[in-house]
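Enquirer: Chain residues, written in single-letter form:
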Amino acid sequence: MEQIRVAELKPAFDEMNGFGQGVREPYAAVAEWLKSLRVEDLRKKSAEAELLFRRTGITFAVYGDTEAAERLIPFDMIPRIIAAAEWRRMTAGIEQRVKALNAFMYDIYHRQEIIKAGRIPAELVIQNSAFVPEMIGVEPALGIYSHIIGIDIVRTGENEFYVLEDNTRTPSGVSYMLENRETMMHMFPNLFAENRVAPIETYPDNLRKTLESVAPERLDDDPVIAVLTPGLYNSAYFEHAFLADQMGVELVEAPDLVVEDGVLNMKTTQGLCRVDVLYRRVDDAFLDPLTFNPESVLGVPGLFDVYRAGNVTIVNAPGAGIADDKAIYSYIPEIIEFYMGRPPILKNVPTYNCRKADALKYVLENMADLVVKEVHGSGGYGMLVGPTATKEEIEAFRARVKAKPDNYIAQPTLSLSTCPTLVEDGIAPRHLDLRPFVLIGDEVRLVPGGLTRVALRKGSLVVNSSQGGGTKDTWVLQD
Amino acid sequence: MLGRTANDLFWLSRYVERAENMARLIEAGYRIALLPRVGEDGKQEWASTLESAGCAEQYYAKHGTLSTRNVVDFLLFDITNSSSIHACLATARRNARAQRTALTREMWESLNGSWLEFQSIRPETLRPDALPRILDWIKERSAAYRGALLNTILRNDTYYFSQLGTFLERADNTARILDVKYYVLLPSTSMIGSGVDNAQWEAILRSVSAHRSYRWVYKDSYRSWRIADYLILNRAMPRSLRACYSEIDNALDDLSALYGEEKPCLETAKSTLALLEKGDIDTIFQSGLHEFLLEFIGRNNRVAHEVSEAYHFNS
Chain A
1 MEQIRVAELK PAFDEMNGFG QGVREPYAAV AEWLKSLRVE DLRKKSAEAE
51 LLFRRTGITF AVYGDTEAAE RLIPFDMIPR IIAAAEWRRM TAGIEQRVKA
101 LNAFMYDIYH RQEIIKAGRI PAELVIQNSA FVPEMIGVEP ALGIYSHIIG
151 IDIVRTGENE FYVLEDNTRT PSGVSYMLEN RETMMHMFPN LFAENRVAPI
201 ETYPDNLRKT LESVAPERLD DDPVIAVLTP GLYNSAYFEH AFLADQMGVE
251 LVEAPDLVVE DGVLNMKTTQ GLCRVDVLYR RVDDAFLDPL TFNPESVLGV
301 PGLFDVYRAG NVTIVNAPGA GIADDKAIYS YIPEIIEFYM GRPPILKNVP
351 TYNCRKADAL KYVLENMADL VVKEVHGSGG YGMLVGPTAT KEEIEAFRAR
401 VKAKPDNYIA QPTLSLSTCP TLVEDGIAPR HLDLRPFVLI GDEVRLVPGG
451 LTRVALRKGS LVVNSSQGGG TKDTWVLQD
Chain B
1 MLGRTANDLF WLSRYVERAE NMARLIEAGY RIALLPRVGE DGKQEWASTL
51 ESAGCAEQYY AKHGTLSTRN VVDFLLFDIT NSSSIHACLA TARRNARAQR
101 TALTREMWES LNGSWLEFQS IRPETLRPDA LPRILDWIKE RSAAYRGALL
151 NTILRNDTYY FSQLGTFLER ADNTARILDV KYYVLLPSTS MIGSGVDNAQ
201 WEAILRSVSA HRSYRWVYKD SYRSWRIADY LILNRAMPRS LRACYSEIDN
251 ALDDLSALYG EEKPCLETAK STLALLEKGD IDTIFQSGLH EFLLEFIGRN
301 NRVAHEVSEA YHFNS
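Those sequence lines, one after another, are chains A and B.
Take the first sequence: its letters are residues 1 to 479, numbered as in the working numbering.
Take the second sequence: its letters are residues 1 to 315, numbered as in the working numbering.
If you're looking for bench data, these hints aren't it; they were derived computationally from the structure.
Glycine included, every Cβ here is placed at the ideal spot set by N, Cα and C.
Among these hints, one or two may not hold up.
[What the hints assert, rightly or not] One side of the interface only, derived from the structure: several residues of chain A facing chain B at Cβ under 7 Å:
1. E250
2. K267
3. Q270
[Claimed, not checked] Dumping the calculated BS3-like pairs for lysine-lysine here, alpha-carbon to alpha-carbon at most 30 Å:
4. A:K267 x B:K270
5. B:K263 x A:K267
6. A:K44 x A:K458
7. B:K139 x B:K219
Working from the sequences, and respecting the hints, build out all of it.
Expert: Here it is in structure tokens:
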């Protein structure tokens, strides 16, 4: 008979109630508001919001599902609140981190000082599938590789914040951050009168400014920006369309693009029109079949040559995935020290690289207490949460790790902070994380907040929407 | 604007218009099928409905014989029939989703709302008397979408391509309805003044929602040449060929001005409009109503094709 292990986690820090010492300061007004509500009222509002999302078409597709199965990401109406001082500290940590990540990428695609200094093993970079040798020696505009980064941050105590992962390729979710705020302001305008919530609606404008700032030099005209989507059936299609719309730029698919006379063009009703900045939401492998994937019929033949010649800026740059590779992750504190000359402000979660023999031994022995992740996995796929897994699941995973240790890392199971959330039996604490979206161009731009993802199943630590996670509006309070 | 966007907007409008036209066609056919039988089998009316809808062959391949239930199901719910209301809405919504950035929020929500509601209809549990209600609802939703478009869309190429789609589809639809039924409009000794004639004429007018306005315009009972005049040449009748071509001509003029270049489709549209402006119904009857309509349908197709070429719909 299958036996379910009970999670043996220490009690979690609650965003509203701390470790049970009563309502924390930032939540004072919201706690009062919650007391004044009946659960049924909240449920009614919740159903209203769902209808609104459905009509607006704020949906995502799960890979493998048909078009009919456009799903909603559950939206929880109880906000997640961050105090001004907490946000200031996080901001400093995030800025430091994204600068270091970009400096790291510039270095490894140029002189590779960090490898020469022996701070990071050469084979970890060079043999990494996320390393793109074609990028060696390429000079991206302003030296930036990752212009849009989503940093996943978790909290375990009053002052305990950890970076769980950096998303330096094509982080998604920012449209939900913006739509969640819209919905909350529509549903509960009074809450915003009572709380000083920092606005976030400047994000699309910031994104546009960031993209314009990295455009190739051109004398005649304003830079032309386009958002490249894999198309209608992509899980994040709504977001691609949303961002193009909010910025007022074209949403293109690869067949809409063509390289001619050394520049990138889109096919318009009036013929070809040059594109200067391509905010691509497709993977490297689908950018240019001539360079990256000769088997593929997808992509824009010749795009990479235009990029290398500096006639178009690709955002984020090809090869930017090297900075969020899970095997590189454990070296990030060193990377920050190396390029910024200071210790990291935001901590990493201690990580066991199974490619190292002693780490592998520890992981295999303590699997039931660890979170084990595939190095190249994402979206919560290919991952084991030891304390909540069955014995069979653990054994199956142990065999996989043994067979291919290089492919796995492990981390202690953090007791992620919780926040009151509306669930079937009323309002109860559920674990969550936070993904702020940071923009890097002529300056670093960060709107106060991010996407809060919440694991709706009791005790679950997996917040990914593909695994049934929901989202909350995220408030950063102003002083 | 991307060529693909123009193409999707054009077809989005065509499919919304087609769904609405289909609702009118079914309504008119259903009404005749309810009438007491005069001579021939009333089911035959469905044959001309299928002809007008341009999917007769497909229908017979699937169902063999005519029956009200099968025809209605085929034209309304059958997703494998690319002209059914279901398929039109599905395609329109797919195009809208692909062009979210070109549509206003009102347009998208109107269309998406219709789609979600249509999907919740279970045809197998539908009572026969629910049909008129569903058809009315479809016309309403189409009107709501057009209203959202007219009230919120920027008057630029987004608007012009949408207009072209609507009115090329509408012109095609009106011309087909007339062509399938042209014989009942021809003067013939045996049928003049008979109840069948009147019912047939009324069905034609109903299928373009013109049975009431006809009397306001002509202050007379139904006359076949007046019906033809109304649907072909009358500038005030919003579904007449002439009214459609005024709109097409306007959209192409505006598009040429916006892009600073005139394309062959403009010339074809202008000559078609001139034909309708200068035409009179007696001459059309003398030289052959059927031939006139065939030529018109051909011209209409040519304009659509020339528009797609000129503005790189499929480049």
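Enquirer: Could you run down the list of hints and mark each one as holding or not?
Expert: The hints, checked one at a time:
1. Because the closest C-beta pair between E250 of chain A and chain B is about 6 Å apart, less than 7 Å, the hint holds.
2. With a cut of 7 Å, the hint placing K267 of chain A at the interface with chain B holds, because the nearest CB-to-CB distance is about 5 Å.
3. Hint status for Q270 of chain A relative to chain B: holds, with the closest Cβ pair at about 6 Å, below 7 Å.
4. A distance of roughly 28 Å separates the Cα atoms of K267 of chain A and K270 of chain B; the hinted pair therefore holds under the 30 Å criterion.
5. Taking the CA atoms of K263 of chain B and K267 of chain A, the gap is about 18 Å. The hint holds against a cut of 30 Å.
6. As the CA atoms of K44 of chain A and K458 of chain A are separated by approximately 22 Å, the hinted pair is consistent with the 30 Å bound.
7. Among the hinted pairs, K139 of chain B with K219 of chain B is consistent with the structure: their alpha-carbon atoms are about 27 Å apart, no more than 30 Å.
Hint compliance for this structure: no hint is broken.
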